[in-house]
Each structure stands twice: as C-alpha cells, then as structure tokens.
Amino acid sequence: MSNLINSYNSLLSNLLIILICLVPQLMLAASVDFLRSIGKIYSVIGVIVILFLALIGYLIYLDRKITRLENQNLNDE
Amino acid sequence: MLRQLWWKLLGAGILVIVLIIGLGTPLKSGILESFPLSAAVGETVTLDVRGYNTHFATATSQSAYLKNSEQRVVSASLIEVKSEQDAAFTFNLPTGDLASRESLTLIVNNEKDGSIILPSALLLKEGSPSNQSSTARWEPLMVNELHRSEGYRFPYRNILHETIRNTFFHVAIWFAMFILFITGLVNSILYLVRRNLVYDKIASAFTEVGIVYGMVGLATGSMWAKFTWGAWWTDDIKLNMSAIAILIYLAYLILRRSIHDIDSKARLSAAYNVFSFLILIPLIFIIPRMTDSLHPGNGGNPALGGEDLDNTLRLVFYPSIIGLTLLGVWLSSLSYRLSILKDRWILNHK
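Chains as they are written, first to last, in my numbering: chain A, -9 to 67; chain B, 15 to 364.
If we strip away everything but chain A, and leave its shape as in the complex, we get (with noise of 0.2 Å):
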C-alpha cells in the first residue's frame, strides 16, 4: 500500500517538474516579436496555462493533506 503510494507520489513529482519546465519557455515566447503579428494569442494561452497550473498546484496541495492522513490511519492500524 505505501509503495503504491511512493510510486504515485514520484509519478505527481514528475509531472509538476514537466509543468514547472513549460514555463520558462512561454516567457521566452512573450519576447519574440513576431507574435505581436498574428495578435497575440500566446498571451491567452498563457493566461490558461497559469491557471490550469494554479489548479493543479492546489490539487496537489489537497493530495498531499489527503496521503499525510492516510498514512496516520495506517500506522495506526
């Protein structure tokens, strides 16, 4: 069981270091001018991106309170 757990944590870990590698790339894509040209849509798509980002970070957040009383119920038990 806590294995489990270990490998669903590693695998949230991943994911968050993958999230957290797209944003310095969409900072470089807010420099490039030639998207002033086709009207600026990566500006939404950053909008989107920070707050799916915001969300999953809260998700993660709750995960985390969830697994620490998961793991008192067991050690418990």
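Please keep in mind that the hints were generated in silico from the structure rather than gathered at the bench.
Everything numeric in this text was worked out from a predicted model, so none of it was measured.
Where hints are given, some of them may not hold.
What the hints assert, rightly or not - Looking from chain B toward chain A, a few residues come up when the C-beta cut is under 7 Å (computed): (1) HIS175; (2) GLU176; (3) THR177; (4) ARG179; (5) ASN180; (6) PHE183; (7) VAL226; (8) VAL230; (9) MET237; (10) TRP238; (11) PHE241; (12) GLY244; (13) SER347; (14) LEU348; (15) LEU352.
Unchecked claim - Keeping only pairs whose Cα atoms sit at most 25 Å apart, straight-line, the calculated BS3-like set for lysine-lysine is: (16) B:LYS279 - A:LYS55; (17) A:LYS55 - B:LYS356; (18) B:LYS126 - B:LYS96; (19) B:LYS126 - B:LYS81; (20) B:LYS96 - B:LYS81; (21) B:LYS96 - B:LYS42; (22) B:LYS279 - B:LYS356; (23) B:LYS139 - B:LYS81; (24) B:LYS22 - A:LYS55.
Yeah, the Cβ is synthetic: ideal placement off N, Cα and C, and Gly gets one too.
Assemble the complex: chain A is given as a structure, and chain B must be docked to it using the hints.
Structure of chain B alone, referenced to chain A:
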C-alpha cells in the same frame, strides 16, 4: 448538496464551453497598420494598408474614406487589392486653409468585413503652394453606405487584438475570487456570532481557494500586461494595490497556521478575515479610482462598457464567472471535508 455531483459537472461543463467558444470565435476584421503616416494637403497619397481577419480580395463592393475631425470624408479614388490582408488605397487630398495639423481616421468598408476603422491613420500637414490644384473636396459621410459586420464575432480592438479573450479568464477569476471571499466573510461573521467551529472551517476553506484565485488573477494580469503594455509589472496603482490586498490575505493563512489552540485560532482568524475584507474594498475599488491608472475601470477608463465588453463578450464572460465560481466551491468543499475528516481522526485517537 456538497457531495452531489451535478453542480460540479455543471461548473466543469460551463468551463469547457467557455474554452471552446472563447477561443474558437474569430475576431471582427480590423486594420493593423497603414503607411505612410503623414501627407500634405492637396497631395495625392497612396496608403498601404494591412488588415487583420479581412476579406479584401473576396469582397466585391470595396470603398475607403479618410475622415477629418468635422466628420467629413474624402473617398479613395483608386483601390488596388493585393491579397485578403493587403490593399493600397489612393486618395486625392483636398486643398484647404488648414491652420493646424490634423489627424485623419481611415475607414475601409466592404460587405464582408463591415466598416473597419484605424484612428489617427494619417497626419495631415500644411502643403506647399505648388500642389494647391487638387479638385477633391471634403464631403459629408453617407452613413447608410457603411456595412455592418455580420455573425458572432468578438470585437477587434487596437493593441488588445486577440488578448481580448483574456477577459473570460483574468477578469472572471477576480469576480469569482470576490464571491469566494464574500462567502468566507459571511461564515467568519457567523462564527463570531454563533461560535460554531463548522463556520470557521467553511470560512477558511473558501478564503484559501479565494487566495489561490487572487494569485492567479495577479499572474494572468501580469501575462496580459506583457503583451499589451510591454512590461510584466508596472507601478500602476491598481496593480500594486491588488498585490497588497493579496498579501494581506496571505497573512490570514500564516495566522491560521501559527496558532494551535483550535478556539483561539478560529476566533482570531475570523476577526482577521473581517478586517482583511474591509481593507480589500478600498484597496481594489476606491484608491485606484482616485488617481490615474492604465488599468481599465480606473482613473476614468471604462471597463464594463462600450466595446471593451460588448454583448458577444458578455455571452462568454458571465458563464465563465459562474463556471469558475462553481469550480472554486468544489475545491473549497474538498478542503472543508478534509478538515472535518482530520478532526474526526483526532477525536478518535485521543
């Protein structure tokens, strides 16, 4: 009610529709740029015009005007269409006893794009006496000759361009944040009145998600500013005041985590929540309106009016507020149920 699925799916469904319509709907046509930028009175000038989402080549009845400050126009004498986006319009500018420089508005009119305008397209300067032979005249604009754009399309605004879609996310998340904060405030007051710890848990869950939303609001605003104002952050009063407001709310989280006695934690954080909401209102709504601000809705700029939020945008903007609020309530309810479980566990094991 909290455990039921239907309102969670409703919120998620609304957000999916907001994403599809909000990103899929095209913008109205517009004029990106025009060259040259200035000409003398009496001259013949050819404007190279670059359009956005325009249909210069497929449109059949093309006309173009230059409009002066007295709402009188001169029509293009020659129209040369190069592609859907590019066209050249030649104008014989009238002579005139122009005392001062004047900037003219370019109007391009066809049945596909409607009438699209570029304000301050051409600066009219005083000419030399040699080109005073022009026969062109300023004429009244025939408004009934102008076409209107048809179909469901979002407004084209200079500088904003495609970023007008950020309204559905950046503005809507601030509205949703306010709904969450007000719910938290009401529950904090209820706790202070009735001293029931359930209200404290609900208040803390809603305020926590509200803070996440507020930080998303700051970050998305920063992203929008980079593409329209040219900087990630400016020392604009609206930006700084809302950052301070979010910091005041962050102190709420720190306060809750630094007190271990359950009753004093609930009492202190409820009182703090009331004060932080009371300071939020002047910081976000009153102080920015008292000075100049780049941000819409402040310092004389309109926000929820005019073409910045027309009916096509409202049709997506209001559902987006509802969807984000339902999502926030969902997240808050998870946080609340978790804290209930935690309490139950502590009770069982003491």
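How the hints compare with the structure:
1. HIS175: With a closest approach of 4 Å, the HIS175 (chain B) hint holds.
2. GLU176: holds (4 Å)
3. THR177: holds (5 Å)
4. ARG179: holds (5 Å)
5. ASN180: Holds - the Cβ of ASN180 (chain B) comes within 7 Å of chain A, reaching about 5 Å at its closest.
6. PHE183: Cβ of PHE183 (chain B) sits 5 Å from chain A, so the hint holds.
7. VAL226: Holds, about 5 Å.
8. VAL230: holds (4 Å)
9. MET237: Interface hint status for MET237 (chain B): holds (4 Å vs cutoff 7 Å).
10. TRP238: holds (6 Å)
11. PHE241: With a minimum Cβ separation of about 4 Å from chain A (threshold 7 Å), the hint on PHE241 (chain B) holds.
12. GLY244: Violated, because the Cβ-Cβ distance from GLY244 (chain B) to chain A comes to roughly 10 Å (cut-off 7 Å).
13. SER347: Since the shortest Cβ distance to chain A is 11 Å, the answer is violated.
14. LEU348: For LEU348 (chain B), the interface hint holds, since the closest Cβ of chain A sits about 6 Å away, which is under 7 Å.
15. LEU352: Status holds, d = 6 Å.
16. B:LYS279 - A:LYS55: Between LYS279 (chain B) and LYS55 (chain A) the Cα gap is close to 19 Å, so the pair holds against 25 Å.
17. A:LYS55 - B:LYS356: With Cα atoms ~9 Å apart, LYS55 (chain A) and LYS356 (chain B) stay inside 25 Å; holds.
18. B:LYS126 - B:LYS96: holds (16 Å)
19. B:LYS126 - B:LYS81: Status holds; Cα separation ~21 Å.
20. B:LYS96 - B:LYS81: Judged against 25 Å, a Cα distance of about 24 Å means the pair holds.
21. B:LYS96 - B:LYS42: Distance ~20 Å between LYS96 (chain B) and LYS42 (chain B) Cα, so the pair holds.
22. B:LYS279 - B:LYS356: holds (16 Å)
23. B:LYS139 - B:LYS81: holds (15 Å)
24. B:LYS22 - A:LYS55: holds (21 Å)
Violated hints for the displayed structure, listed by number in ascending order: 12 and 13.
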